[in-house]
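These protein sequence lines map, in sequence, to chains A and B. Positions 1 to 506 (this note's numbering) are the ones given, in order, by the first sequence. Positions 1 to 299 (this note's numbering) are the ones given, in order, by the second sequence.
Keep in mind that the hints were calculated from the coordinates and are not lab data. Please note: incorrect hints may appear among the correct ones.
[What the hints assert, rightly or not] Only pairs whose alpha carbons sit at most 30 angstroms apart, straight line, appear in this in silico BS3-like list of lysine-lysine:
no. : chain 1 : residue 1 : chain 2 : residue 2
1   : B       : 39        : A       : 458
2   : A       : 504       : A       : 435
3   : A       : 24        : B       : 8
4   : A       : 174       : A       : 97
5   : A       : 280       : A       : 97
6   : A       : 452       : A       : 475
7   : A       : 354       : B       : 93
8   : A       : 452       : B       : 244
9   : A       : 452       : B       : 2
10  : B       : 93        : B       : 231
11  : A       : 354       : B       : 30
12  : A       : 76        : A       : 272
13  : A       : 455       : B       : 93
14  : A       : 455       : A       : 486
15  : A       : 24        : B       : 30
16  : B       : 94        : A       : 354
17  : A       : 97        : A       : 46
18  : B       : 39        : A       : 24
19  : A       : 354       : B       : 31
20  : A       : 435       : A       : 76
21  : B       : 31        : B       : 8
22  : B       : 242       : A       : 354
Owing to the predicted nature of the structure, the values given are computational and were not obtained by experimental measurement.
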Amino acid sequence: MSEDSKQAEAVEEKPYKPTSPSSKLNFDGFWEYDDAPQSADHVEYKDQYDLFIDGEFVAPEKGRYFDSLNPATEEKLTSFAEATQQDIDKAVQAARKAFNKSWSTLEAKERGKYIFRIARLIQERAREFAILESMDGGKPIRESRDVDVPLAAAHFFYYAGWADKLDYAFPGKKAEPLGVAGQIIPWNFPLLMLAWKIAPALATGNTVVLKPAETTSLTALKFAELCKDAGLPDGVVNIVTGAGQTGSAIVNHDDIDKIAFTGSTEVGKIIKKSLAGTDKRYTLELGGKGPNIIFEDAPLDQAVEGVINAIFFNQGHVCCAGSRLFVQEGVADTVIQKLRDRMETLIVGDPLDKNTDVGAINSEQQYNKINEYLEIGVNEGAEMYQSSCQIPETGYFCRPTLFTNVGQSNRIVQEEIFGPVLTIQTFRTAEEGIKKANNTPYGLAGGVWTDKGSKIFKTGSEIRNGVVWSNTFNKFDPTSPFGGYKESGEGREGGLQGLYPYVKLQ
Amino acid sequence: MKISEITKTVPIDEVGVEERVARLNSRSIKKESKVQALKLALSMIDLTTLEGMDTPGKVIQLCQKAKEPHVALPDLPTVAAVCVYPNMVPVAKKALRGTDINIASVATAFPSGMSTLDAKLEETQQVVEDGADEVDMVISRGEFLKGNYSYVYDEIVAVKEACGDAHLKVILETGELQTYENVRKASDLAMHAGADFIKTSTGKVKPAATQPVTLVMLEAIRDYFYDTGRKVGMKPAGGIRKAKQAIQYLVLVKETLGADWLTPEYFRFGASSLTNDLLMQIVKQQTGVYQGVEYFSND
């Protein structure tokens, strides 16, 4: 090729950036971090767990148990009891008795003391809870240690404070407890979701029957032991393990006054149907397909970091994950390049290694579902990019993935994948970005990235989401209410608002 | 490229920068990777003495330290360079003859930069003539803060030219620039004007190097590399005294710019007392125990 034709081509094409190999960053090879495993030797757990009913561990009536795997090794960790109708009856009875005999009549200040004690005990055993959470659920120890467990303790501290101040929460009204709350929680944040459920229920004088998810019940049963150590009156907290049928027995139980559920939209709809026509109160915190909107005036390096946190935090098993990225066209190429380079530095592997950024997918079922979606994406014509990181041979691990060349009509854009998979779309005007962001049946959480304050407020108020973060993502605090619009749920958890679902106001 | 394009404000979110640094600081560097990092950090040091009371005697002894950091461990890498005031360049040149250790000299009316351009250029030419391999210049912060970017740019270009083959490190004095956005802007100016390295501080102003400032500068280097394909080096200077801090800086570099920058060619520490802490940690890694401070030379 002659010099002239080269020049002519350059004028025609005018690439946005030089694409020579020299401008590629090199993230492999030299100076790899050695393993830094968190020792788990001192953490004790039983081979088999019974149900926690009326302050005691009791065997399930039908005597059935099921195994729980460590998703990072695919080895059996322990086994849990399967609670059936009779067990649920017993648990609800115990909760009712505790409600009538002790908990609802206890002086509010004393109730608060128990909850404070629980919070302190969680802090004291933080390391133990963090390790078990990572072993049972596959999340990186960095997250269970720095996010899940401290936030769980913070929730108990926060609601402990409300216990004797309910008159100030609802001025001029008398807040009375509902009775027995049936609570069903998911597998993505086992202990934290337990805290979100139990703390406000106890603070307002209710007793609970809680079912953790079948793949991640370990920290809930450890929490049961902690309740005993805290001297909590028998029956105030009951933990029953099992899968969907157990959950259904709770939802349909006649003597339960309130259902609190966090989980998939699919199950949420079933629950809502079952509750129709009953006088049970309910709150539902369901799925999401959170939009993250980057405007061209955004602090891009920090926005990229925020996007990484939004989608790869907890392997993307987050209902409020920012799984749909919208980037204004002027900066789209830059953002994608930065995202790809940043993804190269994510360390995927052993959840107990202190340097792990992305741990194991929670279960085989979820692992298969994510892989199915990757296939769907590719078949839909989207362009897939995956981090070139090493992943362990055993265990359920998934490479951080992003899809470009996608549109609103694609399934990977519409449906919740609940894994480390991000879709990227561009937009030209703010209006277009907001419209696309809202074009989903979900409405849980989203993010806005811009340097301009007025744009934050305008966009934030137009996105139909329960939570909108600006220039940050996945920030949680017990004082802040959390919950969804549309098919992402009903009711709020956290903050003063989180007390409402557990009280009758007179 | 027009000056107005180079100095376009790049928005930087302070909270985001600091969170990113905090997250990188949570990396746990153990075993072999720690030893490797300690030795790497040692090889990246610009062993520095910049005091009004510096004497040839002091500089000669520092050069000895540069050549032989710790007698008990003869296989250690040497430091990258010795950094001195202009009048000490001939002394250092003589003391370091026959070694691979570079001589870096501060110039351009260090540390304030409050002099005429002619005087700065003359000083630069002089130190290069005397044998400096690297020149650490300061930017005119007053002109920068009042928005006279073309002055700052032209000055760097002129000094770069006066450097000839010597490497130019441009000190931004980030402690005087007030905002991360200014740090970013000064980095962009310096790189476009031809800097081989950008450097945080003179060490005479507090705060000197911080990790968030370093991250902002590394990100500027990354964007410049994306745009031009040219690699610019980074030198945090001042306040880095502990091996642990040095390793944290290396993590910042590794995860922002990748392995290609993990070499003295593209990354330096402006420090002096850091050397001994690195040596202590290296000995600790080898023997399992800490030696007393008196076992390490304090030049």
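For each hint, the structure was consulted:
1. Proximity of residue 39 (chain B) to residue 458 (chain A) is assessed by CA-CA distance (about 52 angstroms); at most 30 angstroms being required, the pair is judged violated.
2. The straight-line distance between the Cα atoms of residue 504 (chain A) and residue 435 (chain A) is roughly 38 angstroms, outside the 30 angstroms bound, and the hint therefore fails.
3. Note on residue 24 (chain A) and residue 8 (chain B): the hinted pairing holds, with a Cα-Cα distance of about 24 angstroms set against a maximum of 30 angstroms.
4. Straight-line distance between C-alpha atoms of residue 174 (chain A) and residue 97 (chain A) comes to about 23 angstroms, which keeps the hinted pair within the 30 angstroms bound.
5. Between the alpha carbons of residue 280 (chain A) and residue 97 (chain A) the distance comes to roughly 19 angstroms, so the proposed pair stays at or under 30 angstroms and holds.
6. Pair hint residue 452 (chain A) plus residue 475 (chain A) holds up; C-alpha atoms about 20 angstroms apart against a cutoff of 30 angstroms.
7. A distance of roughly 46 angstroms separates the Cα atoms of residue 354 (chain A) and residue 93 (chain B); the hinted pair therefore is violated under the 30 angstroms criterion.
8. Our distance criterion of 30 angstroms between C-alpha atoms is broken by residue 452 (chain A) and residue 244 (chain B), whose separation comes to about 38 angstroms.
9. Using a Cα cut-off of 30 angstroms, the hinted pair residue 452 (chain A) and residue 2 (chain B) holds, with the two alpha carbons roughly 25 angstroms apart.
10. Taking the CA atoms of residue 93 (chain B) and residue 231 (chain B), the gap is about 28 angstroms. The hint holds against a cut of 30 angstroms.
11. Among the hinted pairs, residue 354 (chain A) with residue 30 (chain B) is consistent with the structure: their alpha-carbon atoms are about 11 angstroms apart, no more than 30 angstroms.
12. With a C-alpha separation of about 34 angstroms, the suggested pair residue 76 (chain A) and residue 272 (chain A) falls outside the 30 angstroms cut-off, and the hint is violated.
13. In summary, the hint linking residue 455 (chain A) to residue 93 (chain B) is not supported, as the alpha carbons are separated by about 58 angstroms, beyond the 30 angstroms threshold.
14. The hinted pair formed by residue 455 (chain A) and residue 486 (chain A) meets the criterion: a straight-line CA distance of about 24 angstroms does not exceed 30 angstroms.
15. Proximity of residue 24 (chain A) to residue 30 (chain B) is assessed by CA-CA distance (about 29 angstroms); at most 30 angstroms being required, the pair is judged to hold.
16. Between residue 94 (chain B) and residue 354 (chain A) the CA atoms are separated by roughly 48 angstroms; this puts the pair beyond 30 angstroms, and the hint is violated.
17. The hinted pair formed by residue 97 (chain A) and residue 46 (chain A) meets the criterion: a straight-line CA distance of about 29 angstroms does not exceed 30 angstroms.
18. For the given pair, residue 39 (chain B) sits about 27 angstroms from residue 24 (chain A) by alpha-carbon distance, which is consistent with the 30 angstroms threshold.
19. Between residue 354 (chain A) and residue 31 (chain B) the CA atoms are separated by roughly 14 angstroms; this keeps the pair inside 30 angstroms, and the hint holds.
20. Restraint check for residue 435 (chain A) and residue 76 (chain A): the C-alpha separation of about 46 angstroms exceeds 30 angstroms, so the hint is violated.
21. For the proposed pair residue 31 (chain B) and residue 8 (chain B), the alpha carbon gap of about 44 angstroms is over 30 angstroms, so the pair is violated.
22. A threshold of 30 angstroms between alpha carbons decides the hint, and for residue 242 (chain B) with residue 354 (chain A) the separation of about 22 angstroms falls inside it, so the pair holds.
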